[in-house]
Structures are given as C-alpha cells and as structure tokens.
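Residue numbers (the numbering used here), protein chains in the order written: chain A, 2 to 652; chain B, 12 to 155; chain C, 472 to 650.
Among the hints, erroneous ones may be present.
Claimed, not checked - Over 10 angstroms on every C-beta distance to chain A, these chain B residues come out as not near it, computed from the model:
(1) H78
(2) V82
(3) T86
(4) R137
Said to hold, decoys possible - With a cut-off of at most 30 angstroms between alpha-carbon atoms, the simulated BS3-like pairs for lysine-lysine come out as follows:
(5) A:K383 x C:K510
(6) C:K625 x A:K383
(7) A:K338 x C:K477
(8) A:K511 x A:K534
(9) C:K510 x C:K625
(10) C:K624 x A:K383
(11) C:K510 x C:K624
As the list claims (entries may be wrong) - With the Cβ distance kept under 7 angstroms, some of the chain B side facing chain A (calculated, not the full set):
(12) L21
(13) I30
(14) R53
(15) D64
(16) R91
(17) F101
(18) Y104
(19) P106
(20) L108
(21) A118
(22) P119
(23) F122
(24) V130
(25) A141
In case anyone wonders, no lab produced these hints; they're calculated from the structure.
Glycine included, C-beta positions come from ideal geometry on N, C-alpha and C.
In case you want the letters, here they are:
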Amino acid sequence: MIPELGHFALILALLLSIAQSGFSLAGAARVNVAWMAAGRSAVVGQFVFIVLAFGALTYAFIEQDFSVLYVATNSHSQTPLFYRVAAVWGAHEGSLLLWSLCLAGWTLAVTALSRSLDAPFRSRVLGFLGLISIGFQLFMLVTSNPFERLIPSASEGRDLNPLLQDFALAVHPPILYLGYVGFSVAFAFACATLLEGRLDATWARWTRPWTLAAWLFLTIGIALGSWWAYYELGWGGWWFWDPVENASFMPWLAGTALIHSLAVTEKRGLFKSWTLLLAVTAFSLSLLGTFLVRSGVLISVHAFATDPARGIFILAFLTAVIGGALLLFAWRAPRLKSAAGFEVTSRESFLLFNNALLVAALGLILLGTLYPLFMDALELGKISVGPPYFELVFLVPMMPLLALMGIGMHAAWKRGLLSLARTRLYVAASIAVVGALLIGGAAYGGIRPVTTLGFALALWVMLSSLSVPIVRLRARQPIPGAVLGMVIAHFGIGLTTLGITGVQSFKVEKDVALAVGDAAEVGGYAFRLTALKNLVGPNFTGVEGDVVVSRDGRPVTTLHPQKRLYNSGGNPMTEAGIEVGAARDLFVALGDDLGQGRWSLRLQYKPLIRYIWLGAILIALGGAIAALDRRYRERVVARVGEPDAAAAPVS
Amino acid sequence: MRFLILAVALCLSPIASAIDSGQRFDDPALQARYERLIHDLRCLVCQNESIADSNAMLASDLRREVHELMVEGRTDAEIRTFLTERYGDFVLYRPPLRPRTWLLWSAPILFLLGGLTVVGLIVARRARAARANPHILEEEPDQQ
Amino acid sequence: MKLPLKFLLPTLAFAILVGFFVVGLGRNPGEIPSPLIGKSAPAFSLESLDDPASNVTPTDFAGRAWVLNVWATWCGGCRQEHEALLAIARDNQVPIMGLNWRDDRALALGWLTELGNPYVSVAFDPEGRTAIDWGVYGAPETFLISAEGVILKKRIGVMTPEIWQREFVPLLQAKAGAG
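Here chain A stands alone, though its shape is the one from the complex (with noise of 0.2 angstroms):
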C-alpha cells in the first residue's frame, strides 16, 4: 500500500512541477500576481509531495518490503538499518528520486529567500527550475519508477552491493547531488537573465551565493568520493579519472570559473554574456554526467544497471534543457554589451586569466574523456584514455593557475596596484621555492623538477592567501565575508596542492607473502604480520590480521586489515587497516590465503595524503564564509532594461 502511495506522490508531484512552470512563466509573461503566486504555491505543494514519495520508498527499505522490485535488488534481511536506508539511493532509481527531491529542495529555498528580487524574475527562475523538475519525474515515472512491483514477491532481497555498505554511502551522493542540481539555480537565474533581455547586472549579485554554495556542496561531495575510494577500495588511490569522476570534476571546474566571473560581472558589470553561458555550461555538465553514468555510452565503475530506452530518454531532455538554454543565449547574449576598461594588472585581468585556464582545463578532460567515444562513433577503432595522459595534461593549465592565482589575489580592481604587493610577494615566493626544496630534500630524500614545482606552487599559494588577511589586519581594515572566504578558499587550494604532490611523488608500494611472525618494510616503516583470526560480522564472515607497525624499533600502531564474505554471496572483500597520521598515512590490505599458513598483503606508505581532504574541506568553509556575506542578505532593487549607469563606488 505505502510504495502505492509513494508512487500516486510522484505523480502528484510531476502535476505540481507542470503548474510551477506553467503558472510561473504565463504569470511572468503576462504579470499576472495570481499566477506567479500559484507558482510559488505549487513549489511548496511539489516538494511536500516529493518527501512524501521518498518517505514511502525509505519506508519499503525499512520494512525489508521485497514485493517492490527496487527493494528486492538492493536490500536483504541480514543488512542493517543504516545500510537499508541509504540503500534508497544506492542505484538508479532510487538516486533519481534523490536527485529530484535535492531539486525540489533548491527550488523551495529560492522561493523563500529571494523576496527581494521582482515577482517576474523571481517567477521565471522558479518556471525553469519546474521544468527541470518535470523532465526528471517524467523520466521517473515513464522508465525508471522506484515504486514498480514484483510480483511475485521476492522472500529475500539481493543485498545492497557490499562495497556501499559504508557511511560514506549515507553522506556523499546526498552532498554531491546538492551540488550538481544547485547548479541548476545558477542556470535557471541565467536562462531567467536571458528571456527578459535584461540588459545591467543584478542578477550576477542575486545569483553568486546561490552558487557558491551549490559549488561547496560539489566540493565536499568530490572530496568525499575520493577519499571513500580510498580507504574502501583496498588499493589506496584516491582519483582514477574514472569518467563519471570526470564527470563531476567539470561541473566543479565550471562552476570555480563561474563564480570568479560573476564577481567581474557583479562588480564592474563587464563579461555579462561569458557568465551567462558559464551558469548555463555548469548546469548543462551536470546533466551531461547524468547521462554519462546511466546511457551506457561509456565505461564506468560507477555506472548504474542502463538500458537503451533510458538512454534516448535522457539525452532527449539533455537535448532539449541545454539545446534550449544554448539557442536562448545565442538569441539574447549578443545585445550584452559594457564599455569598462581595467589595467593589465587588474583583478579583471587575472580573473579572466583564471577563467581561460579553467575552461582549458575543463575542456581537456572533457576531450579525454569523451574521445574514446568519438573514435569509436567514427568507426577509428577502440582506445582507452586513462590516468597516464589525464594526469599529465591536466598539469599543463594547472600550473599557471596556480602561480597567477597567488599573484590576483593582490591585484586591484580597474588597477591592479601590484607595485604595493611587490615585497609580499617576493617574500612569499622565496619562502616557497626555499620550502619546497627543503621538503623535498630533507624530508623525503629526493629533489625532482616536477616535485619541487608542485611544492613550490602550494607553498606560495597558501603563503600569498594568508598574506591577504596579514596585510588587512595591520592596516586596521576589515576583512569582508567575501574577503576571508576567498582566503581560506585558496589556502585550501593550496593544501590540496601539497598533499597531491606529497604522495604523488613519495608514495611506496609494496605487495608481499607474510606469515604469521613475518615483518616487511616499506617507507621506512616495518610491518609485522602477529595475528590471524575468525571473525563474524553482523551479515558476513572472514578473516582478520593484526599487523604491528613500527618505526626504529619503537611500535607505531597496530592495524586490523579484514577480509570479509558477505552472507548474501558474491565475491570476498578487503577491508584496508589505516593508521592516519600528520605527515602520512599506512594502509594494510588483506589479500589471499597462498597456503602454509602464508598470506598475501599490500602495504603502503602514503605521505601527506590528509591534506588533499583536508584541503577541500576549507575550500567549502571557504565557499560557505563567502555565501555568507552580509552584502548578500541586503536588499537589492533592480532597474530592469537599463544598462549600466555610473553609480557610487562600491567598496
């Protein structure tokens, strides 16, 4: 009866969205307050129906109900509640529903917290947020409907993958989703600028905190995926160029170069039309990972169960959203037009400097990603395009990225004033280039170029970001939201950088055969193998190591490596012993039993590998202290049609 109920919601809530967008864009169009209103109510109505169908999903998961099919394929008596519940999103179905009621979400906090912007703008937004929504329900409800039956009804459930019975399961698909369908506000705020031929720059101010915080919520879910992949998938990587991580990773890198634009375009109304299409790429490679990861067009680790029919279907709206969008802008975009001039050295300058060497960057993993598919369409033959040429090419913008960012952070409006900056910035590059060599040399014994540059490059960043504040506080300035979120947002860059070069350079690697009382050493660290024993879980069995680690004789810790079978069947699964630690982490694999009481193991030394986590998280604390900024929350008025005036200067 509930998932029955679950799905009379979806429906409900597919009506609702054909209201939203109905009565908002007619209500829009012909200024009429009753209309925009029933939009505004039909949000409402959309998204309290929306939780109602996930309630009754999660319900069906709780109650082990293996009459509904998606249940049966995902669930098992044995799994515990926690896993059950985030079983709800943990394939294709039940992670659409995610993905709408995130959308519903969005949508219901532009409705109330947009009061300050005009009813018709405010009514387009919400026109073509509802239509998103529509194509998402509709796909649900005509291909891919979590509420379908099994008749008859299963007595026990496949089991939900052991692989995601993890915590991370429960935080990073909701987190990454808010990400990708926030940028659907960013998106729907440009398609919105667009249809009314608006020709000034407000909507830059009314759009920027919405996409700073649907990019920190992209931020944290990447950084979580990472980081999940590698304590759970027993090799201790943490980025595989895996498409559909690529998929994720050029929404994040639009949505940076957004938001460095709309603060151009917000403060000085130049690049209106380059923004514009920037909200609408951001959105639109949301979708195109949408698509990647359920069409089947590419080979992918996370790629849900596909179909062709759901395929067609998604490229369909994919066509039809972006196709859209893309014809809009070229319609209107071309009457966007500003006079401003700025200096070489200004902030305007670097800021567009950052946004050629993003969109490059983004474009080369789009290439590289999407290439096997071109070559293949073109009958050229099957290749494979993978970690060695991604993590070469992706240096080639990164790296002067990095060295002009330390430097724009300086650099004046209009202006540039880089002159003031001089001695900061020398003394942030010397300290940098002396640190790196240090780190490279002493620490870990080995001076390379492209080592000592990925140093050198953190070091600066984070010495220059920190130098801003320093600069502010001695001259009794204030230091703005806006300002000190920017800071921490690239010293989190910054530390990323370290970590990244860190282990990239000085990681070890080591298989080995041990027996109980046998030790290796890898890193300067000796792992002894002490202990095998039984173990029983709550739904599986196995075997689990005690392995002392020690440095110099004197014990360090000891990890607890497992290997466990899932009762539900399939294949054995290791589960990493990890010591984390400041300055790197080790990691113990389990591997197989080789007989004579021998046991395989991966060991591994992995320097300086927190600090990539630990980066991306002050890059969202960095976002968030940004979005937050007062200015946001004040009124704006806007003067619709009127290009832009010389009016006071803003601070």
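Given chain A, put chains B and C in place with the hints provided.
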C-alpha cells in the same frame, strides 16, 4: 549472462587477487619499471582498472606475461607492442601517438595557447581603451 | 534580429556532441574488436585434453577452413552455446577445435562426456598463454580461420545458430567460391 555477473562482481570488489606476492624484482629500478607498466595497462575484463589493480584471472595472466617479457630483456615499447598486437590499443591507458590521436595529444598546448591568446587580446583591448579614456575606468554597474 | 556567428558556436558544438552521443548509444564501448582479423593465426602446440602425450596444433587443419572455440567449465555462456556447437559439428562443414582455457583437465573431460563433444580435438591451455596470443579476454569466444591459416572472424560471446548462419557461413561460402 552468468559470466557477465561474475565478472561484474569480481570487478566491483576491492583487491584480493590483485595482490601478487610472487612476482617481484629484486632490483628496485626493475620493480619500479614493472609497476609503472602494469599500472599503464588496462584490464580487459574489469575495464575500469589497470592490470595492477584488477582481480580478474586475465589480469594476473597478463601481469605474468609482462614480468616474463621483462625478464627476457624486452623494452617497454616491445612489451606494449606485444600486448597491442593481441588486444589492440584499448589495452593501453596512455593513448598511443598516431594520426587519429593527434588532436588528443596536441590539445593541452592548443587549449592553453588558445585560451591565453583570446584572453590576452581582450585584456589588451580593455587596457588600451582605459589608457585612451581614463573615465571608463570609473564605470560601475548599477548597484547600491 | 541578427545572430552573430560566435554566439551560435556553443549551440553548434553541443549539436555535434549530441550527434556523437546518438551514435554512441548504439555501440558497445566494452567490446574489443580483435586486431588479429586478417592476420595469420598464431601458432601453438598444446597438449591434447584427453591425451597428454599427443599434441594439438593449428597445422592439424592446414589446407582447410576451421573454427577455434575457447571454452571452460567455469564459463556459463559456454554451457549455453554447447547445443549450437554440437549442431555446427553435426553439419560437418568445418571442423571445430576447442581451446580449453584455464581449466581443470578432469572437470573438462567430464563436461564433454556429459554434454557431448563437438570438437575434433581439444587443446589444453591451463596457463592461458595461448589464449593471450589469440587475444582472448573472455569465454566463450569463437574464431573462424581460413584454409590459408588467416583469421577471418571472431565472435565474442555465446554462439547461436542465427549468428553462425548470418556471420560465419557467408565467409565460408565466399572462401569456397573464390578458392
């Protein structure tokens, strides 16, 4: 179909059989070369993984082949050719440099130079305009 | 209302991308075509499955077209296609040689006894080296080799009578007509 399910299950579990304890080189330089090679080769069964990380039986067979070819004294290029003769370019994670991948390999420099050139021209134009007409430095968008 | 070309570029680029996706939806990215098609069949000399003392090699079939079928007892698809192979063997157009891949000899022999034996001879490849030489990456796989020893076709996956008729027989007839 059953093979497909087995393969998928195998490919989705983190390493168990990917750990080889037998195939090591005593010489660290050779071992490093071996590891680089096996990480650059794609598993054809678990196609999301390199043969270094894959649990598949074929992956361990291919690791053995690479090991034996190295012991025979073959160069990296010869080992890659050995594999592409049998499996095609798909097995290489680093795409080979051929006419058909020219765009892929020249893209980094093309995109970088292209982007920097476009931006450079825009910046130059705006700076020139600012020099000619200092008052447009003062133009502001409508804001309060 | 004029549309400067540069503003239409994103739309154009997107349209091209969609075109590729439409084609891509119809293709299978994981299926790897064999680079050995049109080349000489790789040589090998393996123990016969039933008699370790005697050897099986491609030259056994020199001068006539033949089929190599890669199979194993752990392979579910191999069981599925067994009927089709028996039918092809009964037709007697081409001899089929089996390549028993990474298997247990006793289990393999038992399998053939239980299900029937479509193979003229079976090469035993417990280490998989010959399979690698032939570019095998999954079971079952079936190769068609010409009388001159050139690989004409490779079927990846289960063999069915329809696929045999549609894709393999025409090649056999073309060769017969030309030769």
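Hints numbered earlier in the text: which of these fail when held up against the supplied structure?
4, 16 and 20
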